[in-house]
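Q: Sequence:
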Amino acid sequence: MERLKALIGRKEDRVDFVSYLITILLTNKELYSDEVLFRDAVEEIYRTLRSEVVEGGRKDLIDAYETAVLLRAAVSGPLDSPDKLLLELKKNLARWG
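Just so you know, the sequence shown maps onto residues 475 to 571 in the working numbering.
Quick caveat, the hints were computed from the structure, so don't treat them as lab data. Quick caveat, the model's predicted, so the values are computed rather than measured. Where hints are given, some of them may not hold.
[As the list claims (entries may be wrong)] Mimicking EDC-like on lysine to aspartate or glutamate, the simulated pairs with C-alpha atoms at most 16 Å apart in a straight line are: (1) Lys564 to Glu518; (2) Lys565 to Asp508; (3) Lys565 to Asp534; (4) Lys558 to Asp537; (5) Lys565 to Glu540; (6) Lys503 to Asp557; (7) Lys564 to Asp537; (8) Lys558 to Asp534; (9) Lys565 to Glu529.
Whenever a hint applies, use it, and build me the whole structure from the sequences.
A: Okay, structure coming up:
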């Protein structure tokens, strides 16, 4: 994840970071095509949203967290096309702000 943070080079609150990370994944095919980096990014998205919902009580992010759970499950096997889940997750994050 440190490699991703260095590539992105932005420091924001946790939810803003997740939103920006998703934007980068959707627009930067180099990151998207690096399977290890992509899986690491998905894991970071999942862990961050889980923390916000479960530990932080952010009920407004439940839909985004549920989508992140599905995205995590989708990439745990062969990578098909998680674009749809990323877009859904981005849409759910937009609702909170």
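Q: Which hint numbers doesn't this structure obey?
A: 2, 8 and 9
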